[in-house]
Amino acid sequence: MIRRSASNVQSDKRERKGHTAQKYVRKTGMNAPLVLSDELRALTGLGEISNRSQVLSEIGKYIRANNLYAMEGRKFVVCDSLLSALLNTEGTILFQDIQRFIKHHLTDPSEMGPEYEARAIDFFEKYLAARGALASWHAPHRTKDPRGLNSAEAQRRLRERGQGMFAEVYIEQCLRPLCNGNTYMSRPAILKSVWAYIKNNNLQDPSKRRRILVSETLRDALRLPDVEWIDTFQLGGYVFKLTSSRRKK
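Everything in the sequence shown is counted per my numbering, starting at 16 for the first residue and increasing by one.
There's no promise every hint is true.
Label pairs and their in silico Cβ distance ranges [unchecked claim]: (1) Ser96 / Leu239: 20 to 26 Å; (2) Ser230 / Gly196: 31 to 37 Å; (3) Gly128 / Lys256: 17 to 23 Å; (4) Glu105 / Asn197: 35 to 41 Å; (5) Ala145 / Gly196: 38 to 44 Å; (6) Arg226 / Asn195: 22 to 28 Å; (7) Lys223 / Gln111: 24 to 30 Å; (8) Asn197 / Lys90: 19 to 25 Å; (9) Gly196 / Asp137: 40 to 46 Å.
Below, in silico cross-link-like pairs of lysine-lysine (BS3-like), each with a Cα-Cα straight-line distance of 27 Å or less [unchecked claim]: (10) Lys118 / Lys256; (11) Lys207 / Lys118; (12) Lys223 / Lys118; (13) Lys207 / Lys141; (14) Lys90 / Lys207; (15) Lys207 / Lys223; (16) Lys256 / Lys207; (17) Lys90 / Lys141; (18) Lys118 / Lys90; (19) Lys118 / Lys141; (20) Lys141 / Lys214.
Source of the hints: derived by calculation from the structure; they are not laboratory data.
As the structure is a prediction and not an experimental result, all values here were calculated from the model.
Don't be surprised by glycine CBs; every beta carbon is placed ideally from N, CA and C.
Sequences are here, hints too, so could you generate the full structure?
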């Protein structure tokens with residue numbers, strides 16, 4: 016048996032890491048690391064860096080958990096208020112069009128600076144490793160039910176247990192008027208309540224739907240600066256700064 020020196024082993028590790036980084040740089044498909052907006056993170060429960068494949072998977076779970084597929088088949092989705100706000104559209108849409116609607120919620124890490132690029136490479140390495148591990152496990156254990164843990168039943172259990180993206184968080188006093196006075200709610204429920212206030216008070220700019228006009232109530236609730244409007248992309252950031260994981264007494 017030929018023994019390899021520690022320096023050679025370390026050199027191979029550096030080469031593999033460099034090769035992974037090169038694959039990441041060239042990656043532009045469904046698995047490319049991207050930075051998610053606060054609104055997209057709230058609905059999907061994913062971290063700040065993920066990829067289109069995981070995002071679409073989590074949106075699919077949300078659609079199944081809330082029975083949003085149209086009666087004529089799973090190709091069409093009926094948007095509820097939270098999905099309408101996220102996708103900036105209303106009514107019934109094709110599921111395959113969701114990827115187009117979420118483009119403005121996804122940012123290339125290279126546009127965010129070196130820190131985000133480093134984190135993206137780290138995510139990509141772990142993602143590739145996890146895919147390899149899952150593939151090796153699923154091959155001999157594959158069942159006839161392809162849904163597995165992605166089923167609506169699993170999402171229903173998470174909702175009932177208050178886990179994952181359905182976990183309740185503490186709401187600051189100023190934000191509670193937009194949340195029906197509640198002290199604890201899940202992040203998707205909080206965002207849904209805020210959007211209900213915005214829509215009920217016609218605060219979306221008719222000429223530019225991505226602009227939210229700032230009323231006095233909204234300014235006080237979100238502690239906004241002295242501006243006339245904010246972008247829908249910014250809304251989640253303002254909302255979730257006013258929540259925390261403080262436990263119920």
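Hint-by-hint comparison with the structure:
1. Ser96 / Leu239: 20 to 26 Å: holds (21 Å)
2. Ser230 / Gly196: 31 to 37 Å: Violated, at about 19 Å.
3. Gly128 / Lys256: 17 to 23 Å: holds (21 Å)
4. Glu105 / Asn197: 35 to 41 Å: violated (26 Å)
5. Ala145 / Gly196: 38 to 44 Å: holds (42 Å)
6. Arg226 / Asn195: 22 to 28 Å: The hinted range 22 to 28 Å holds for arginine 226 and asparagine 195, with Cβ atoms some 26 Å apart.
7. Lys223 / Gln111: 24 to 30 Å: Hint holds: Cβ distance 26 Å, inside 24 to 30 Å.
8. Asn197 / Lys90: 19 to 25 Å: The hinted range 19 to 25 Å is violated for asparagine 197 and lysine 90, with Cβ atoms some 36 Å apart.
9. Gly196 / Asp137: 40 to 46 Å: holds (42 Å)
10. Lys118 / Lys256: Judged against 27 Å, a Cα distance of about 24 Å means the pair holds.
11. Lys207 / Lys118: Holds, at about 20 Å.
12. Lys223 / Lys118: Satisfied, since the Cα-Cα distance of roughly 17 Å is no more than 27 Å.
13. Lys207 / Lys141: Violated, at about 32 Å.
14. Lys90 / Lys207: Within the cut-off at roughly 24 Å; holds.
15. Lys207 / Lys223: Holds: lysine 207 and lysine 223 sit about 20 Å apart, inside 27 Å.
16. Lys256 / Lys207: Satisfied, since the Cα-Cα distance of roughly 16 Å is no more than 27 Å.
17. Lys90 / Lys141: violated (32 Å)
18. Lys118 / Lys90: holds (20 Å)
19. Lys118 / Lys141: Given pair lysine 118, lysine 141 holds - Cα atoms ~24 Å apart, limit 27 Å.
20. Lys141 / Lys214: Measuring from Cα to Cα gives roughly 40 Å; hence the hint is violated.
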